[in-house]
Amino acid sequence: MSTVEQQIREAIQEAIAENEVILFMKGTPEAPRCGFSARTVATLEALGTQFAAVDILPDPRIRQELSALSNWPTIPQLFVRGELVGGCDIVSEMYETGELAGVLGVEPPAGAPEEAPVAAEAGAPPLSIENRLDS
Amino acid sequence: MPTTDELKARIEDAIPGARADVVDLTGGGDHFRAVVSAPEFAELSRIEQHRRVYAVFGPEIGGPIHALSLETRAEA
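Those protein sequence lines, which keep their order, are chains S and X. Read in this note's numbering, the first sequence has 93 at position 93, and its numbers run on one by one without any break. Read in this note's numbering, the second sequence has 67 at position 67, and its numbers run on one by one without any break.
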């Protein structure tokens, strides 16, 4: 492993250790670059959770090292207190069952919808999600 | 380009007793969603269930299979 890759891996480990809730995503919470990342951000925001976010797109080695560390191939990845919670599917499922609020130590919002926040219609192309958020 | 039938067959061949329903989310042959049930999932956490399915495809996830959205259930 080259030094740069080691540095990236150490920076990722440090970020996971130092931030109670941290999301590795494509793009930023303000401008997600993938529908799955957008949906996960929307779910965390629906619970009013403060979270750190890391954009993995600037360098392919970030994703490579993250996936090697977490043994999880896809993005986004949500970590809470150092543990991988999951990607978009698991986060959405846990929101719907109320487990996510428990893991995050927050109260589910009153009158919370049963379905996770939907950034696009089910079955819609994930890449169209950003447009829907903008509209 | 992988097809839904191919993905279904590979999941069902790799995981004993599994049943998979796979849809192509975009029609583009690279964004898929799979609902997978298997008896062995009863022993696994949700994360481990998803890892088990992702492992069927290895580096193809993020490659030719750009996205594979999963729902897993512990049943035969």
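Derived by calculation from the structure, the hints in this document are not laboratory data. Don't be surprised by glycine CBs; every beta carbon is placed ideally from N, CA and C. Watch out, some of these pointers could steer you wrong.
[Stated by the list, open to error] With beta-carbon atoms standing in for the labels, derived distance ranges:
#1 E5/S / E60/X: 30 to 36 Å
#2 D13/X / Q6/S: 34 to 40 Å
#3 E5/S / G29/X: 36 to 42 Å
#4 M1/X / E115/S: 17 to 23 Å
#5 P64/X / N71/S: 32 to 38 Å
[As the list claims (entries may be wrong)] List time: in silico SDA-like cross-link candidates among lysine to any residue, alpha-carbon distance up to 25 Å:
#6 K26/S / G58/X
#7 K26/S / E43/X
#8 K26/S / G28/X
#9 K26/S / E48/X
#10 K26/S / D13/X
#11 K26/S / A42/X
#12 K8/X / V23/X
#13 K26/S / S37/X
#14 K26/S / A55/X
#15 K26/S / E40/X
#16 K26/S / A68/S
#17 K26/S / L44/X
#18 K26/S / P2/X
#19 K26/S / G63/X
#20 K26/S / P16/X
[What the hints assert, rightly or not] Short derived list, chain S residues pointing at chain X, Cβ under 7 Å:
#21 P73
#22 E83
#23 G86
#24 I90
Taking the least C-beta to C-beta distance, is E83/S closer than 7 Å to chain X? 9 Å, violated
Using 7 Å as the Cβ threshold, decide whether G86/S counts as touching chain X. 6 Å, holds
Between K26/S and P16/X, does the CA-CA distance stay at or below 25 Å? 34 Å, violated
Pair hint K26/S and A42/X, alpha-carbon separation not exceeding 25 Å: 32 Å, violated
For K26/S and E48/X, compute the direct alpha-carbon distance and say whether it is at most 25 Å. 23 Å, holds
Regarding the hint that P73/S lies at the interface with chain X, is the smallest CB-CB distance below 7 Å? Since chain X brings a Cβ to about 4 Å from P73/S, closer than 7 Å, the hint holds.
Tell me if the straight-line CA distance from K26/S to D13/X falls inside 25 Å. 32 Å, violated
Are the Cα positions of K26/S and P2/X separated by 25 Å at most? Holds, because 24 Å separates the two Cα atoms, which is no more than 25 Å.
Beta-carbon spacing of P64/X to N71/S - inside the hinted bounds 32 to 38 Å or not: 21 Å, violated
E5/S versus E60/X beta-carbon gap, inside 30 to 36 Å or not: 22 Å, violated
Is the straight-line distance between the alpha-carbon of K26/S and that of A55/X 25 Å or less? 22 Å, holds
Is the Cα-Cα distance between K26/S and E40/X 25 Å or less? 32 Å, violated
The structure fails to meet hints 1, 3, 4, 5, 7, 10, 11, 13, 15, 17, 20, 22 from the earlier list, while all remaining hints are met.
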